[in-house]
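Novice: These protein sequence lines are chains S, U, R and P, in that order. Everything in the first sequence is counted per the working numbering, starting at 1 for the first residue and increasing by one. Everything in the second sequence is counted per the working numbering, starting at 1 for the first residue and increasing by one. Everything in the third sequence is counted per the working numbering, starting at 1 for the first residue and increasing by one. Everything in the fourth sequence is counted per the working numbering, starting at 1 for the first residue and increasing by one.
I should point out that these hints are in silico values taken from the structure, not numbers from a laboratory. Relax, there's no trap hidden among the hints.
Have a look at the derived ranges for each label pair, beta carbon to beta carbon:
| no. | chain 1 | residue 1 | chain 2 | residue 2 | range |
| --- | --- | --- | --- | --- | --- |
| 1 | P | Glu56 | R | Lys225 | 37 to 47 angstroms |
| 2 | R | Arg216 | P | Gly36 | 20 to 30 angstroms |
| 3 | P | Met1 | R | Gly34 | 21 to 31 angstroms |
By construction, the Cβ of each residue, glycine as well, lies at the ideal position given by its N, Cα and C atoms.
4 protein chains.
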Amino acid sequence: MIRVTIWNEFLHEKIHKAVSDVYPDGIHAAIAAGIGEADLEIGTATLEQQEHGLSEEALNRTDVLIWWGHMGHEKVEDAIVHRVHQRVLDGMGLIVLHSGHFSKIFKALMGTTCDLKWREADEKERIWTVDPAHPIAAGVPEHFTLEREEMYGEHFDIPAPDELIFVSWFEGGEVFRSGCTFHRGQGKIFYFRPGHESYPTYYDGNVLKIIRNAVRWAAPSGAAKPMRGNHQPLEPIGKR
Amino acid sequence: MIRVTIWNEFLHEKIHKAVSDVYPDGIHAAIAAGIGEADLEIGTATLEQQEHGLSEEALNRTDVLIWWGHMGHEKVEDAIVHRVHQRVLDGMGLIVLHSGHFSKIFKALMGTTCDLKWREADEKERIWTVDPAHPIAAGVPEHFTLEREEMYGEHFDIPAPDELIFVSWFEGGEVFRSGCTFHRGQGKIFYFRPGHESYPTYYDGNVLKIIRNAVRWAAPSGAAKPMRGNHQPLEPIGKR
Amino acid sequence: MIRVTIWNEFLHEKIHKAVSDVYPDGIHAAIAAGIGEADLEIGTATLEQQEHGLSEEALNRTDVLIWWGHMGHEKVEDAIVHRVHQRVLDGMGLIVLHSGHFSKIFKALMGTTCDLKWREADEKERIWTVDPAHPIAAGVPEHFTLEREEMYGEHFDIPAPDELIFVSWFEGGEVFRSGCTFHRGQGKIFYFRPGHESYPTYYDGNVLKIIRNAVRWAAPSGAAKPMRGNHQPLEPIGKR
Amino acid sequence: MIRVTIWNEFLHEKIHKAVSDVYPDGIHAAIAAGIGEADLEIGTATLEQQEHGLSEEALNRTDVLIWWGHMGHEKVEDAIVHRVHQRVLDGMGLIVLHSGHFSKIFKALMGTTCDLKWREADEKERIWTVDPAHPIAAGVPEHFTLEREEMYGEHFDIPAPDELIFVSWFEGGEVFRSGCTFHRGQGKIFYFRPGHESYPTYYDGNVLKIIRNAVRWAAPSGAAKPMRGNHQPLEPIGKR
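Please build the complete structure, drawing on both the sequences and the hints.
Specialist: The following block contains the structure:
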């Protein structure tokens, strides 16, 4: 059983009718309903909950954290960001969606600005699978189309991903590295581009399949925790 | 259920008593006994069987192929190598062990000489986990020791691995990239260094755990098979 | 001084007026004229020359080999391919252009089919720089457009490149990893997509700049040649 | 001409006679003297200078910054760290030496703890070249030995490096990824392990050669600065 926590800042849905029309119970609820399967135990957390719903206890019982944020990035407390960061390095999986590219936690893990080009123009996005060996691409066609999405364009200022799985084509002439994996410490991270709040992206079957695959991929592997610091020799030194 | 075929050239065991003392039923039998668990359906194949035990039919019902070869590399027919190569590109996992670095199939997949330094001196090897986030390291300590092994030393002439999981230390002063992953086509490949025929390496719990983890990691992911060749436009061209 | 040999199969130009209209002296001559600068000593070689112009002596005085081939891949003798392969592993740089993706030498170095999608439709290609730190991108804008090119689309069946520098957008709806680096042995390889024989791509300033940058990047680095084979211990074994 | 600034916290040398005996004018001075060649314009900066010697102006005229720090990491002001970080993302090269693994700037760029094992035991280190195609390995033997160094051991908690060039063997039984490259934004980063303050490591010819090679490799490439933010379509949208 993989314990998943879906974190959503849950602000647009309360403010903009255009958003709540699409996600009446919030983006987190739509994703939770969409990815649910027998091997996943799914909970949610939001910005305005105490400790943003991310207490030590809540994180300790989370195997994979999904992160959606946008207008509220600056409202996330640094201490909570630090706590999530530490948990990722200790093995918790992290899936960062769409505008989460600018979240404090993603920027802290990447070490770069995570900046990019963007445009809202009811634009077609076509997502191509460039690593068909990867488990996150399981059951995903070689390409699929989202009829209307926000455009994100290169240069996307991230470290070269460990694995590049998906690349997007946009109607207006841009490309984007849309599905990227990273290992950091004992934790696995997947960034996945689609999901603007005003489009029904999180009801798309392929998008949901990819997120579900990513959850299983990102679950902790259970390697031994490395020891750090002053280390006794395992072999004799200077006695030969 | 993952269908595993363990291929062993099975020559040393018939010729050298020192080897058959260690592996009386062959290296393949020792690995089969050692990695067996409920989710694995394990078979074996050897060089001197018809088509080296690797008929089209046998390969088609194999999800992950484990390869051990050494003195018989040149006896493996090119047509069979080509067949295995194609199956890997189509998604079959491949785990290449120890002296398999010089097998025709590994060299064909790597595109390099796969050459290295070596020495037989009853030497201690210590294997360090350098990617503790990786599923192949699940349950593996941060380091473990094989009291006597053949030394393999850098430079190991392979492409930079997609992921480097284990690095070996040798008593005589060398290091080696001992656990390396590669994606090729829809297939996943893991090279794992230990396993000289005259040492009881394939009875070591950590070695067996790593091979078992690798089998699960290398099992086909089931992404859509890419279409190739002449492709019709998905969007209108030059009509704007 | 970097010694460059530009290899072109030089067949289309002799057969198709549409091609010789664009490249009257051959693609190799256009590239040679276009990339010429004071630090480059440039020669050419073609398929129908003796040993395809790639004698041992010719290769030994080549630091970087540029390869353009298409309809004549099968006419390149295996022994010459083997010779070029060996020289790359020994440090010669190799730049593979466009339809060279299907050349024997590129397939042998990659270990994959190198297959892809394609279409000839007088189509717009836009090339995006996704690694602006890379020397091959020096002086290149963040994107530039080729008004008419042949389309190449994903999935491109290559190993994950060591570095991905350029990604192409195509008018008809596809994307492509267009600028990819690989290290193999002591040699450096750059694959660069543009350059269909019927379009004036090799007169484009950005295309020429990228090829020139790649030549400088791919020139041999001069690291020590690794020793192979049986290796004496550098430290005492088993005497502790 | 590449403008190099060598930054050294310059504390141990003032406090510990054992260190000033080895580096009477400071580690920075030894490196400056050791790597000097005609194409390098070398300056130095230290912690106790105003703005740690790293004013906007000083950084703007620096192409490659070399960083050595240890006991004074916490004394480096966050605003200066932020300034250096920004300059790296804008293209300045950064070479982080030895105990600089724990500097604020390296940790901020990596996004991980950068923790490791260590031991001071007058121990032998042997450095192996695992990527002999890399320009940082130019003229470097396939292995070389430092008779006495501090040990650093895996697991080294960094992102998987873009390129792994050197791996160290230690007498006491550990290994370490000692030469690692990273691209971040438009900047190139090289981490190089050797250089404990109490050993004469920065007089070693191979160590100096590697640092000099790294300076040339890390110098800004001069790609176009990517545009960020709201982006106008390059192609018509939704009008087809």
